[in-house]
Structure formats: structure tokens, C-alpha cells
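K.L.:
Okay, here's what each chain looks like letter by letter:
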Amino acid sequence: MEMTISLPARTVMPEDRTRPELTEGGLVERARRGELSAFEALYRIHVGHIYALCLRLSGHPGDAEEATQDCFIRAWKGLGRFRGEAAFSSWLHRIAVRVVFERFREGRLERSFSYASSDSEIESVALPASPDGLTLDLEGAIRKLPPMARLVFVLHDVEGYGHPEVASLLKLAVGTSKAHLHRARQLLQDQLES
Amino acid sequence: MNDQPPSILEKALSTLPRERAPEADLWPGIARTIRCRRRTRQVVASGAILVTAGIVAFSFGFFSPATVPGGAPVVGRPPIDLAAAFVTRVARDAALPRPVRASLPADLRTLDQAQVLIERRLARDPGAPAVRGLLVQVETDRARFLATVEDAQLHSRNWQ
Chain R
1 MEMTISLPAR TVMPEDRTRP ELTEGGLVER ARRGELSAFE ALYRIHVGHI
51 YALCLRLSGH PGDAEEATQD CFIRAWKGLG RFRGEAAFSS WLHRIAVRVV
101 FERFREGRLE RSFSYASSDS EIESVALPAS PDGLTLDLEG AIRKLPPMAR
151 LVFVLHDVEG YGHPEVASLL KLAVGTSKAH LHRARQLLQD QLES
Chain H
1 MNDQPPSILE KALSTLPRER APEADLWPGI ARTIRCRRRT RQVVASGAIL
51 VTAGIVAFSF GFFSPATVPG GAPVVGRPPI DLAAAFVTRV ARDAALPRPV
101 RASLPADLRT LDQAQVLIER RLARDPGAPA VRGLLVQVET DRARFLATVE
151 DAQLHSRNWQ
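Note that the protein sequences, when read in sequence, are chains R and H. For the first sequence, position 78 (counting from the first letter as 1) is numbered 78 according to my numbering, and the numbering increases by one without interruption. For the second sequence, position 137 (counting from the first letter as 1) is numbered 137 according to my numbering, and the numbering increases by one without interruption.
If we strip away everything but chain H, and leave its shape as in the complex, we get (with noise of 0.2 Å):
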């Protein structure tokens, strides 16, 4: 089989442009997604840092229901579970934007339920630097869960 074209498409291949600008300027849907993987990376690595705090916190008791003073546990679940949970929604919510929405609510209530536990504690013993850190962790992820959840939502109506 020839493998040149024929001279008259030869020809009419060789009036084709090499480049063509598309109609709208597409940089900045590009540097928006960018920016908002980029920012679920922290978050997942936030996530991971807060996980592993909460294993630190949780081997030396600090969130132990027993030991937070009047008793009854505010839920049902080690806060460890609560911290991982939250990583693996984060992590699955960035690969699709659409069911964000969906799992935002519940995200945010493990988010909560962190910061109750870790305040608790503090309550306890105000100074204890490791607990406060903790709660600026969860702070920290709180606003950046909340930016990436608003880029992706924006993110997902700009490619509807």
C-alpha cells in the first residue's frame, strides 16, 4: 500500500495550519483545576498528618471516653476513625467533583466531631500544646476542606 497521499490531497493537506487558537481562552478553567488538586493534596495531606496526631493522642489516652470528665462519649467511633474517614472522603470527593456535595455534610460533621473531642480535652488541660495543636490542625483542614469543596463545586459547573 503507497504510503504518500495522493497529490491532489497531498496538496490540499499542505494549505491545512498547523495551530489554531480555540475560541475561548481555556488557561483559566486549566489553572483552576490546577489550583484545586493542588489544594486537595494538602488536605489529604493534612488529613494524614491529623491521622497520625490522632494515633499519638489516641496511644496516650487523650481521647479516651473514660477519661473525659462527665462521662457519656460524644460519638460512637475513636476519633482515629473519624480522622481516617475524613481522608478517604477528601481523597475520593477530589477524583470527582460531583458527589462532593453529596458527602460535604458528612465531612464536615466528622470535621465537628474532631474539634468537640480535641476541645474537650482542652477543657481538661488548657496548656497541653500537643491537644491545641490538634485543634489548629483540624481548624486549618476545616478552611481548607471548605476552599476545595468551593473550587471543585465551581470547577464542576464550569466543565458542565
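Extracted from the complex, chain R is given alone in its bound form (with noise of 0.2 Å):
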């Protein structure tokens, strides 16, 4: 049997990464520009990683989907002050941060927190297996940590930041980051030996 793959449009395919005008540092001149297609491209390229970390600092879908339409809003806008020094994934990545931050501060992200306030809320969740039965549902678990917990671990444990960074990001002490991973690592960890 013959089997066709489609493909989205305006994929960017490997080959093309060698085109200069195609690379990621050359769509990022071409957005610069004002070109909404480089950015459209761009947008194809990192929305994956962005939706995933919105998802997992917001904890609902709608929010995350939201807090993703503003990430990439709020990047073409600051896309005159993106120099180059960083990556662009690691910029972008900055903006995400903030966006859910911000709603998170604003209350506008109550509506996902407001149901795992309490660390016995954690404890009463029964977490599904995965199907090999050795794993557990980790993206369920976080979602249900205490919000400045969760936070703190998807940005430390998930995504690699240190906790001078994940302080600044989220306004806190490097001492309180701190406290708040290992609050979120022992509710977790909790869940995984039970």
C-alpha cells in the first residue's frame, strides 16, 4: 500500500536550513524586516517547544494556548531588540516565562491554579500509569503542584535553568527557588513511590 505524508505549507525542510535566507539567524533578519512569512516560519519551528513550556507553567490548555499567541505577539513586536547574542529559541523562550509569569501575577491564570492550592490535593490524585507501567505521569503530577512549586521545577528540573535564573525570571529569592523545588520534588517524588 502506498502511503503519502503531508506536510504543513510552509514547513521548513532540512535542506533548506542551508539556504542563508532560510536559517534561522536569516529568518530572524527577514521578520526584522517586517516579512511575516520568515516570522510565520519561525513561529513553525518553535511553537512545539513553547506550547509545551506554556502548558507546563500554566497547567490548562487554553491558558497555554493563550500565553502562546502572546509569547510570539510580544516577540515580533521585540524583535528590533533581539541582537543575536542568544539564541533565538533561548529569547523566545524568555518571553514565554514572562508571559505566563505575568498572567500568573495578573490572576489571569486562576482559573488553572486555583484547583492545586494545597500540597493534600496533590497526595489524593491517583496518577495513570504509562503504558509500560514503570513511569508515571509526570505532565499530570506538575500540573497539579502548588503554582510557585510547579513553576520553579518546570523551570529548573524541565528545562535546565539554574536558580539565579529561575529566581530573577520569577522575581523571587535564590533561597525561596530553592524551597520551592524541593517542596515540588518531594510531592513528586511521593507520588512516584506510592
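Check before you lean on any hint, since a few could be wrong.
Listed next, the stretches of chain R that the computed footprint assigns to chain H, with coverage defined by at least 3 CB atoms under 8 Å from CB atoms of chain H [what the hints assert, rightly or not]:
#1 38-48
#2 71-81
#3 94-101
#4 145-152
Because the hints were derived from the structure by calculation, they are not lab data. Virtual Cβ for every residue (Gly too), placed ideally from N, Cα, C.
Since each chain sits alone in its own frame, please combine them into the complex, following the hints.
P.N.:
Right, dumping it as C-alpha cells:
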């Protein structure tokens, strides 16, 4: 049986990436000049990672979609300030974290955070095992973490930020960041061992 | 405090996917917002041109009610104020899509008033290219403004 694979119309193919105007730097440069199609290509490249990050941080698909949109809109507005000193993905990543954190502070994520405000709530959640029966549905467990513990855990353990960066992004003291991480790990570990 | 996650947690972390696609394609909403803001910037820029032109015209006495044949002024404020009010409103509404609807009638009235003044001046002197240019500018601004409002309303509905 013949199988066909359909790709999104504007997917950047691997061989295209050798062409200067289609490399990430080239796309950024073109987007900076106002080419929306170049920015769309950047969106297609990064949306998966940014959405996954927003979903883990916010804990709710609707909030994550709004935050992802907001992130790319802010990125478009701020392209003039992007100097290329860091990777575009890192720059975008930081925007996404700021967007989610601002929404959290403004109470716009209350819907997703309100149901997981106590330690006992996470302990009461029965988490389904993965098909091989060995790993926990970590996504579900993260979603049930208390808000700040979740933000710190996702940034530190999932995304690989150091405590000073986490503290700076979330406007916390480094010690507080460490305390939140310890608490998050403890709650998740309890779930894993139960 | 240990900086490494416990091994059991580390194992679970290694299974987490780095990427996840949103259920819906978010690009159309992003592109719409970007286009809407871009157009708003153009409108504001046009408004600024209008203000500048208004200042020039006002300096030359184009819009002085006393110079309009038949006497009574159309509005109580000089056109420079009208244009400035228009620009201020557009800028404010661009940041807050929801109030666009509320201020729409006032913005359109401002444009209408500016147009009436310019047309009166043109009736006196149909050949004045500077005044004709102002009329074209007002008409262009109106078209852009309406398109911006339409986009803002669409965008607002999309996000609600």
C-alpha cells in the first residue's frame, strides 16, 4: 500500500536550512525587516516547544494557547531589540516564561491554579501509569503542583535553568526558589513511590 | 540542598517530550493581531501627518471660521484639536481592543468634521492642491481606521 505523508505548506525542510535566507538567523533577519512569512516560519519551528513550556507552566491548555499567542506577538514586537547574542529559541523561551508569570501574577491563570493550592490535593490525585507501567504520568503530577512550586520545578528540572535565573525570572530570592524546588520534588517523589 | 532530582524523578523526567503541538493552529490569531497592530501604527502615523498638515493649514488660515464664506463654524474646536483627539483615541484604542466600539462614533465624527471643514475650504478654492491633499488624507485615514476597527473587533472576538 502506498503511503503519502502530508506536511504543512510552510514547513522548513532540513535541506532548506542550508540556504542563508532560510536559516534561523536569516529568518530572524527577514522577520525583523517586517516579513510576516519569515516570522511564520519561525513560529512553525518553535511553537511545539513554546506551547509545551506554556502548558507545563500554566497547567491548562486554554491558558497555554493564549500565552503562546501572546509570546509570539511580543516576540514580533520585540524583534528590533533581539541582537542575536543568545539563540532565538532562548530569547523566545524567556518571553514565554515572562508571559505566563505575568498572567499568573495578574490572576489570569487562577482558573488553572486554583484547584491545586494545597499539598493534600496532589496526594489525593490518582495518577495513571504509562503503558509500560514504570513511569508516572509526570505531566499530570506537575499540573497538580502548587503554583510557585510548579513554576520553579518546570524551569529548573524540566527546562534546565539554574536557581539564579529562575529567581530572576520569577522575582524570587534564590533561597525561596530552592525551597519551592525541594517542595515540588518531594511532592512528586511521594507520588512516584506510592 | 542537592541540585539533582531524585533518581526516580529523573527517570520520569527523561520521558517528558520536549515539544507538544497545540490542538489548534495558533498562527491565524497571531497573524491577525500583528496585521491589526501594524495597520494601527500606520493609522497613527497618518494621523500624525494629518496633525502636521493641520498645523500648517491652520497657520495659513485655511480653516479659520472667519474665512469660511457664509459665516458660522461647523464645530466649536479648531481642526488641529480634532486631529489630535483622533490620534489620541486611535492610539488608546489600539492598546485596548474592547473600547474600540465605544469610541468608534466619536472617532468617525471627528473625521467627518475634519472632512467638512476641508470640503468647505475646497469649495472656495477648488484648485488648492494642499487642501485637496488633506482631503485625500482624511479619506484614507477613515478607510484605514474602519479596517483597523474591524480587525480589532475580530481579534477581540477571537480572544474572548
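K.L.:
Counting residues of the segment 94-101 of chain R whose CB is closer than 8 Å to a CB in chain H, do you get three or more?
P.N.:
violated (count 0)
K.L.:
Check whether three or more residues of the segment 71-81 of chain R sit with their beta carbon closer than 8 Å to a beta carbon of chain H.
P.N.:
holds (count 4)
K.L.:
Tell me if chain H covers the segment 38-48 of chain R under the three-residue, 8 Å CB rule, please?
P.N.:
This one holds; 6 residues, not fewer than the three required, reach chain H with a Cβ under 8 Å.
K.L.:
With a Cβ-Cβ cutoff of 8 Å, does the segment 145-152 of chain R contain at least three residues near chain H?
P.N.:
Answer violated; 0 residues pass the 8 Å Cβ test.
Of the hints listed earlier, those the structure fails to meet are numbers 3, 4, in rising order.
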